[in-house]
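*Asks:* Given the coordinates of chain A, work out where chains B and C should sit on it, guided by the hints.
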Amino acid sequence: MSPSNLRLAVNMGWLTLAVITLWQGLYLVIGDIALRSPLSTLQFTAKFVSTAQFATHLTETSKAFVLALTIAVAAGLAIGFLLGLKRFASDVFEPFLIAIYSVPKITLYPILLLVFGLGLSAKVAFGAIHGIIPIALFTLNAVRNVKPVLLKTARVMGLSSAATIRTVIFPSALPEIFAGIRIGFSLTLIGTLLGEMFASQRGLGFLLMNAIGLHNVDVIVMLTFLLTGFAGLAGIVLLLVNRRITAQA
Amino acid sequence: MNQPHIRLTDVEMIFSRPDGSGEGIHALGPIHLDLRHGEFFAVVGPSGCGKSTLLELMIGLTSPTKGSITFEGQPINGSCPDGIGVVFQEDASFAWLTVRDNIAFGLRRTALDRREQDQRVENALAMMGLVEFADVYPSQLSGGMRQRVCIARTLVTQPRLILLDEPFGALDQQTRLLMGDEILSLWRKTGATIFLITHALDEAAMLADRIGVMSSRPGQLIDIVETNWPHGRDSRIVEDDAFGVVTARLWRSLRVESMKAIGKTEPRR
Amino acid sequence: MTKAGLIRLVLIAAFVGMLEVMVRVGRIDALTMQAPHKMGLDLYAMLVSGKLNKAIAKTMGNAAIAFVIAVSLGVVSGLVIHRMKRLRETLDPLFATYYAIPVFAFYPLLILLLGLGDAPQIFIGVMLGYVAVVVNTLNGLDRVPRVLLKTARVHGMNPLETAIKITLPSAAPYILTGAKFAVAYSLIGVIGAEFIMSTGGMGYEISFAYNNFDNATMYPLIILILSASISINMVISRWEKSLLKRRGLQ
Numbered sequence: 002m003s004p005s006n007l008r009l010a011v012n013m014g015w016l017t018l019a020v021i022t023l024w025q026g027l028y029l030v031i032g033d034i035a036l037r038s039p040l041s042t043l044q045f046t047a048k049f050v051s052t053a054q055f056a057t058h059l060t061e062t063s064k065a066f067v068l069a070l071t072i073a074v075a076a077g078l079a080i081g082f083l084l085g086l087k088r089f090a091s092d093v094f095e096p097f098l099i100a101i102y103s104v105p106k107i108t109l110y111p112i113l114l115l116v117f118g119l120g121l122s123a124k125v126a127f128g129a130i131h132g133i134i135p136i137a138l139f140t141l142n143a144v145r146n147v148k149p150v151l152l153k154t155a156r157v158m159g160l161s162s163a164a165t166i167r168t169v170i171f172p173s174a175l176p177e178i179f180a181g182i183r184i185g186f187s188l189t190l191i192g193t194l195l196g197e198m199f200a201s202q203r204g205l206g207f208l209l210m211n212a213i214g215l216h217n218v219d220v221i222v223m224l225t226f227l228l229t230g231f232a233g234l235a236g237i238v239l240l241l242v243n244r245r246i247t248a249q250a
Numbered sequence: 008m009n010q011p012h013i014r015l016t017d018v019e020m021i022f023s024r025p026d027g028s029g030e031g032i033h034a035l036g037p038i039h040l041d042l043r044h045g046e047f048f049a050v051v052g053p054s055g056c057g058k059s060t061l062l063e064l065m066i067g068l069t070s071p072t073k074g075s076i077t078f079e080g081q082p083i084n085g086s087c088p089d090g091i092g093v094v095f096q097e098d099a100s101f102a103w104l105t106v107r108d109n110i111a112f113g114l115r116r117t118a119l120d121r122r123e124q125d126q127r128v129e130n131a132l133a134m135m136g137l138v139e140f141a142d143v144y145p146s147q148l149s150g151g152m153r154q155r156v157c158i159a160r161t162l163v164t165q166p167r168l169i170l171l172d173e174p175f176g177a178l179d180q181q182t183r184l185l186m187g188d189e190i191l192s193l194w195r196k197t198g199a200t201i202f203l204i205t206h207a208l209d210e211a212a213m214l215a216d217r218i219g220v221m222s223s224r225p226g227q228l229i230d231i232v233e234t235n236w237p238h239g240r241d242s243r244i245v246e247d248d249a250f251g252v253v254t255a256r257l258w259r260s261l262r263v264e265s266m267k268a269i270g271k272t273e274p275r276r
Numbered sequence: 497m498t499k500a501g502l503i504r505l506v507l508i509a510a511f512v513g514m515l516e517v518m519v520r521v522g523r524i525d526a527l528t529m530q531a532p533h534k535m536g537l538d539l540y541a542m543l544v545s546g547k548l549n550k551a552i553a554k555t556m557g558n559a560a561i562a563f564v565i566a567v568s569l570g571v572v573s574g575l576v577i578h579r580m581k582r583l584r585e586t587l588d589p590l591f592a593t594y595y596a597i598p599v600f601a602f603y604p605l606l607i608l609l610l611g612l613g614d615a616p617q618i619f620i621g622v623m624l625g626y627v628a629v630v631v632n633t634l635n636g637l638d639r640v641p642r643v644l645l646k647t648a649r650v651h652g653m654n655p656l657e658t659a660i661k662i663t664l665p666s667a668a669p670y671i672l673t674g675a676k677f678a679v680a681y682s683l684i685g686v687i688g689a690e691f692i693m694s695t696g697g698m699g700y701e702i703s704f705a706y707n708n709f710d711n712a713t714m715y716p717l718i719i720l721i722l723s724a725s726i727s728i729n730m731v732i733s734r735w736e737k738s739l740l741k742r743r744g745l746q
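Residue numbers (this note's numbering), protein chains in the order written: chain A, 2 to 250; chain B, 8 to 276; chain C, 497 to 746.
So here's chain A without its partners, still in its complex pose (with noise of 0.2 Å):
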C-alpha cells in the first residue's frame, strides 16, 4: 500500500474509532428513548439484513439509486461536454445550472410526484436531479479550462475533433470530471433516499420514514449506521480512484 493510502487508512481507523467512541458516550447520555448503543445496533442490524423484509427494500432502493446514477452521470457528462466544448453556450447555460443547483430541490418534490406519481420514476427523477447538476458544471468547468496549448497541439497534429476529445480533452480533464462524480453519487444516493422517504411504500428511504413515524428507535439507528457506513465505504473507494486518475493526470 502506498505510504499516502497507508496514512488514509489509518486516519479512517481514527475517525471510526472517535465516531464510535462519541457515539456510546452519547447513548450513555440520552439512552434507550432515543438512541441504540453501537453494539445493541451491529446485533439488530445483523438480525435484520437477513430478513427478507430488508431484502426487497434494498432491492428497491440499489434499483432507484443504480437508474438514477445512471441517469445523472450520463446526462451532466453530456451536458458537461456539450457546454464546455462551446464558449457561449456555456455563458448562456452555466447560470441556470447554478441557479438550480442553488435552490433547495426538495422544494420541488410535490411538482415531481405531480408529474410522475408515486413510485419509481419519481424516486429516479428525484436522485438523478439532484446528482446530474453538480456532475454537468464540474465537468462543463473541466472541459472548459484545458489548457490552451493542448488544444493547439492536437490541431498542429491534424487530430480531427473526435480524436481531440477522446484522446486529449477527456483525459485531461478527468481528474475534475471525476470530483464531480464523487460530489453527484452523494447527492443522487440522498436524492434516492429523500424520494422514497416522500414518494413510496417500499425502499429504505421509506423505511425510515415509517420508523420515524412509529418512533422505532432500532430501525432508525440501524438505517442510519447501515445508511452512513454505506455513503462512507463508497466515498472512500471513490477518493481512492480518483486519487489514481489524479496521479496519472
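Since the hints were made in silico from the structure, they are not lab data. From a predicted model like this one, the values you see are computed outputs, not experimental measurements. One or more hints might be untrue.
Restricting the straight-line Cα-Cα distance to at most 30 Å, the calculated cross-link-like pairs of lysine-lysine (BS3-like) are [unchecked claim]:
#	chain 1	residue 1	chain 2	residue 2
1	C	737	C	646
2	C	741	A	148
3	C	499	A	106
4	C	646	C	661
5	C	547	A	106
6	C	499	A	87
7	C	547	C	534
8	A	153	C	499
9	C	741	A	153
10	A	106	A	64
11	C	499	C	741
12	A	148	C	737
13	B	73	C	646
14	A	87	C	534
15	C	741	A	87
16	B	73	C	581
*Replies:* Quick look at chains B and C alone, frame taken from chain A:
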C-alpha cells in the same frame, strides 16, 4: 560609525528532514558577514544555495541553528526588528486594498499621528512614481508597478536597512535596468543600508558597493568583490570597462558552484 | 445586459410561455400544474391576504438563523482546522462523504435533545451547511499566498490580527462560495424538517397543500422559496464577482 550595521557570526541553518529521520539538511553556512552602514551590498549565488534562507534569518522570520545575528548591536530573535524593511520576490501587495491603503499598511506598527502618516504615504507615493495610481487596485497594475507598491510600503517606515529578495525577478531585462536606477536613487535619498539578493550578475555588478558570492549548498561566502563605484552612479556604469572586470570575476567564482548546483562537473581537459 | 443574459431571458420567457400553452391546451392537466399566469396571480393574492405570512416568516427566519450559525461556525472551524494538519487529514474522508449521510434521520434524536420547537430544524440546517462552509474556507485558506503571511510577520502582526486583516480578506471569495452553499442547505434543512414533522412553516404548508390538491397555495409557496433562494444566491454571487474583479481574477 565603526560598528557594523548588521553582523552575522558563524550563522548556520540546518533543517530537519520532514520525516524526522537522520541528519538534517545543511542549507546554509557557516556565514560571517558584516554590513557597513549605508552600503549597497548584493549577494549572488547558484539556485538552492540558501540566499532566501539567509534573508529570512536576517529579518528574524527564522532563527539560525547555530551562530547569531545582531542588528545595530541588538540580537535578532524571532521577530522582525524595527528599522528593517523587506521586499520579497513574490508579489506581496494586498489585492483587496488600494495602492494608498497598501502603502499605509506599512505604518501599522508606528505610533504616528494621522497627519504625519498621510504625509509619509504621500512621500512614498511620490518617490515611487505612484501618485496617479493611489486609488487604484494592484490587479490593475503591471508586475513592476506592484513591486513598486511593495517597495513604497516598506519605505513609509523609514527603515535603516532594506533587504530585497530578487525583487525584479519576474520583470524583463530593460525594466530591470531602469528599476535598478530607481533603487540607486532611493538608496541615495534615504541613506539606508541596502542588501539585495539577485541571480543576475550584471545587476549585482552595476548596483552594489560590495558583492558577496555564495557557493552551492550549503551556501557560504566564497568571495566578496569591492566595486569602488562612485556614489552617484546609475545604469550607465555598464559602459565602464571596470564593469566587465567585475562581472568576469563574479562569473569566475560562480561558474563551478553553479555547475555543482545543476549536477554537472568540470569536464576533464 | 450581455448577449448571453438576453438569450437567457428569452429562454425563460419561452419556457414559461410553453408551459402556459401546454396547460391551456390541456397537454398538462390542471391537477398537475396550473398556468404560469395563474400561479402569479395566486402568489399575489396569497401575499396580499397575509394568510401565510406567519409560515413564511417562520421558515425564512429559521433558515436565516441556521445560515448565520453555519457560516460563522464554519469559518472559525476552517481557520482552526487549517492550522492543524493531522486533524485536517483525519477529517478529510468525513468531508468527502458527508453529504451522503441521511441527516434527516437524526431528526427524532434532535427533538428529544432540543424539544419540539424550532431548534431541531435549525440544528439540521446548520449541520448541512456547516461542512460546505468549512470545506470552502479551507480551500480559500490554502490559496492565501505565503508571501502575504510572511509580510504579516514582518509587520509584527499576531495570529489573530493576521487572520482578520490578511487571511480572511484574501480568502473571502472562496468563503463566499461556501456561504452560497450554506444558503441552500439552511433552506433544505429547515424545509425538509418541516416536511417530515409537520410543525408549521412553509414546508408544512406545501405538504398540506399537496395532500389537499390545493395547487393555488402550493405553487405560489414553491415559487416563493425558489425566488428567495435564487435572489439571495445572486446577491452573494455579485459580491463574490466584485471581489474577484478587484483582484483581476474575473
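*Asks:* Now look at each hint and say whether the structure bears it out.
*Replies:* To see whether the hints hold, each was checked on the structure:
1. 737(C) - 646(C): The given pair, whose Cα atoms are some 27 Å apart, holds under the 30 Å limit.
2. 741(C) - 148(A): The hint holds at about 22 Å.
3. 499(C) - 106(A): Given pair residue 499(C), residue 106(A) holds - Cα atoms ~29 Å apart, limit 30 Å.
4. 646(C) - 661(C): holds (13 Å)
5. 547(C) - 106(A): holds (25 Å)
6. 499(C) - 87(A): holds (15 Å)
7. 547(C) - 534(C): Within the cut-off at roughly 18 Å; holds.
8. 153(A) - 499(C): Judged against 30 Å, a Cα distance of about 28 Å means the pair holds.
9. 741(C) - 153(A): Holds, at roughly 28 Å.
10. 106(A) - 64(A): holds (22 Å)
11. 499(C) - 741(C): Status holds; Cα separation ~20 Å.
12. 148(A) - 737(C): holds (23 Å)
13. 73(B) - 646(C): holds (22 Å)
14. 87(A) - 534(C): violated (37 Å)
15. 741(C) - 87(A): Distance ~24 Å between residue 741(C) and residue 87(A) Cα, so the pair holds.
16. 73(B) - 581(C): holds (28 Å)
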